[in-house]
Amino acid sequence: MKSKLKDFPVNHYIDIALLIFLIFFPLFVKTFRVEMMSRYLCFAIFALSLDLLWGYTGLLSLGHAVLFGMGGYMIGICYQIQNGLPAFMTREGLTQIPWFYIPLKNPIAAAAIGILIPALFAMLLGFFMFSSKIKGVFFTIITLALAQIFSEFIINVQKYTNGFNGLQGVKRFAINGGEQLGKVQYYYIVLAIAVLVFIFCLWLSRSRIGKIATSIRENEARLGFFGYQSSHYKILIYTISGALAGLAGVLYTPATSSITTQDIGVAASTAVVVWIAVGGRGNLTGAVFGALFINWAQSLLSEHFSSYWQLILGGVLLAIIFFIPNGIIGQIIELQRRRTVEGVKIKEQSNANKGAGLWRQIFSR
Amino acid sequence: MKMKRIIALAASMVLMASLAGCGSTSSASAAKSSGSSDSSSDGDPIKVGVLFSATGSTAINEKTMTNACIMAFDEINAAGGINGRKIEYIHEDYASDPAKCTEKIKKLIEQDEVVATVGCCTSASRQATLTTLKDDDSLLIYPTYTEGEEIHPNVIYVGAMPNQQAVDFIPYLLQNIGKKVFLVGSDYVFPKTCNKEAKALIEQNGGEVVGEEYAPLGQTDFSTICNKIKQSGADLVYSTVVGESNVSFYKDYKQYGLNPETCPICTISIEESVLQAIGTEYSEGNYASMPYFSSLDAPASKEFVDKYNKKFNDGTVVTVLTESAYSSCYLLAEALKKVDDPTDTDALIKAFNGLEFDAPQGKIKVDDYNHCTWVYSRFAKIHDGKFDIIYSSDKAIRPEPWPAVLYPQYKDTNFMPDWDDPICYPQ
Amino acid sequence: MLTFISQIINGLNQSAVLLIATLGLLIIFGLMNVINMAHGEMIMVGAFVTYIATSILNIPFLIALVLSFVVTALFGALTEVTIIKKLYSKPTETILATYALSIILKEIARIIWPLSQNVNMPFPGTISLGGVIVPRYNIFVVIMAILLLTFTIIFFRFTKFGKKIGAITQNRQMTECLGIKTSTIDTLTFAYGAGLAGIAGCILAPTTGVSYDMGSTYLTDSFMTVVVGGVQSLIGAAFSSTIIGEGRTVLAGVSNDTWAKIMIFLAVIILIRFKPEGLFAKERR
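Protein chains in written order, with the working numbering: chain A, 798 to 1162; chain B, 216 to 642; chain C, 9 to 293.
No lab work stands behind these hints, which were simulated from the structure alone.
Backbone N, C-alpha and C define an ideal beta-carbon position, used for all residues, glycine too.
Hints are not guaranteed to be accurate.
Heads up, incomplete: computed chain A residues facing chain C, CB under 8 angstroms, no partners named [as the list claims (entries may be wrong)]: (1) F925; (2) M926; (3) A1094; (4) L1114.
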């Protein structure tokens, strides 16, 4: 029994501990901290979506916030057009809601579109980039440029997006003009969705697709020899990742009640990469932990050192890269692995297999 | 194994930090409902929020605003505070990010229980606070000059509205410089909205708009725009380019052979802080319109600038934003003096109506109805790297959040639609 | 017509600026495979050196140019030895480390100089080329771009040192076996790349002003230029910066700056589909 517990991957202990912590979190704090946590949970979903792409497939995107923003803007626009023509459109001389915004009027439809459009966009972009034998670094740079261009584009089409000022007053899924969800209520919804997304990602990473993704990261050329069309899998993963990023955006906008170009540009895209790096990539827990940890650290640091906190954060980041290169969770997993490799005898090895088998039964087919 | 300890430490840190930072009370309801009776007892400080970026791209403007607030509240406390109670100000940094601004205003209101907040620089950040202000029933004093066409019941706008910068300025320009105007702005809401009013005013005064161009925010190459200006044969350029882009704009302007002597740049969005980065040679001969310039030759202004420079020697300079943030704090203090219970937001907002203050720019007054402020109209010709003030209105001018020239329908209703009209503010 | 010609000539200036900003990145990224997120901040360092030299110490601009190269190169060497050297085998870690470095540099600059600062125009005035007015400084920028490009090409093609670098990028282990100290060469190459970024900062300083925030604008543009031109190709960078600079200026002439950027970006995406290694890709192993 003891060895079975020992074999249970340590990061799943952390997952469960984190989940319990998150479930009871609202009981101990003020409402606005709960709201903050809902935001950060959306960031955690966002980080999970990038972890699929970067941690498992090895494709680092520095423009992932574009997909996040597409989702966010859909729901933002939805609430802008609830009471007829919004002020920013009247101001620009529009007399009626543009036809392409009409389907967004229903929040549920807007949410669906907010997941669909980033997925389609990722698919299209993936088709252009992965079909040719583009190197990983190029993908990173192209997405970096994409982030820059996309936020400039949103600012430029001010008539439709309110430009730099962004979209405000987004309700927490008030349907048909009814009451919006309560702040704590919304927190639990976001938490539930985050858990579902986590389980989905876990399932995906253990499925055949996930295994192929990992082999793309490890050795793409060899995968080709086995007759796999690696570009197809890359496009598929990018599309899924896009959909999840869109979902994160859809949940995020009501949580902050606004979305602006600051949430979709280069800075936001780089931030998510940093979260995953700090948490540790390629094990999902790291993405969630990193997103929550860094965001809380930012908030609390900035409350106490208002003009030096970014400097401190930069220093901490540098220290983590040097001393814990696998990220915090990655390092914990590594330690456990090392210990089992060193200490566990062959006798216990068979037990371990059983334990792993149990685990596999739960989370994969 | 050492590593393990570090990790354990880090992991426990996040849990501890989040719990400790969140405060230990479990009273989830907003601060407003409880504690109002005992908080009005003498001696307790009145808490006020100061919400300006200390980091990020707009910190370049906001650092001086934070300084101004610190200076104002220190002075107010030194002079005895509010009816015997001191003001305790809490500064939060929102890192030039509107989403963070929402988070911080919530923190100020719900955790620190501030009675009001002086803060925000960009319209994006102000709008990000609106939902919270309404939900939590709190007050924001917004000091930056702004584009108008928004009045929120929980915001007092102390900065200039576009009409206050334009109604005297544009006729002057058309009479004294020329009739053909080229509009240049940064590509976002403030310039486009201001230019809409400017266009109407130019046409009303017999001028002609010969071109309109917008550069992306942070643009550093204005060669194309300069070419278009040259081609249009304009007599003057009316500029709403904001922030650091101005440096490139003014420099490129002269570099590409346009001459401020014959075709000056006339701007409503430049501050002393940017002026020093442009350099005397390239700013010479251009015009600017603002309610306040730090070169204003009045005792109150000189004293203000001296005090500021003595107190803060950190590389910042006094600008219209400094003055406005300073006045905002004093207006808030005056309003607080008028109410019995500072936590009563409705009474506090009412106390602002018609409130007057002898600001460094002169006597300013919060409008009796529309929450905007009567400020002066001044314009200056830039000479030797300084604003030489060439016109100053006799008294403060009436603010028109919905300028009469564009919205004659609001002329009789204090230049604004009804409070519950959805057009009034983003709901 | 005259406007069109003057747009083309202005485009040349933008191309030159882009090329100068890109050269340093091309060396650090192309030759050393380091995605340097702090490139923009290295430009900023060069610009602040120029500001200190010209505006505070009253040193002539051309000497400040050399100074900004030297100081930024020294800074680059320091960065390489303390940070980058330990991360060569891990590309993503270098991205993060240089990003952290960029935050730190930006914050330090902000704390010292909260406002943007002026650097006087060293060559003011204009000259007229057949009716087209061209600023003198633009001519200086274009000449500088050509000089830097030529010098860098000569440096890498014809000097012993340059050839060693070439050898290292081709096959590091083999070069080490031949008794060449790759580690020193890495440091010097990085320092040279950083120094070029410093020069870029110096050249930009008189037209844009110097502020803590100035670097970020150039980061994405420089990376795009490298991608289009093909990593490792100096001639490619020259061509791509010309195409992008001219394309932007001419398109901005007919529409506006934002749309010009968007259209160029779309063109790049389509280009990548068919020429994934860039226009002037060298055959790699």
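Hints, one by one, checked against the model:
no., hint, verdict
1, F925, "holds (5 angstroms)"
2, M926, "holds (6 angstroms)"
3, A1094, "violated (14 angstroms)"
4, L1114, "holds (4 angstroms)"
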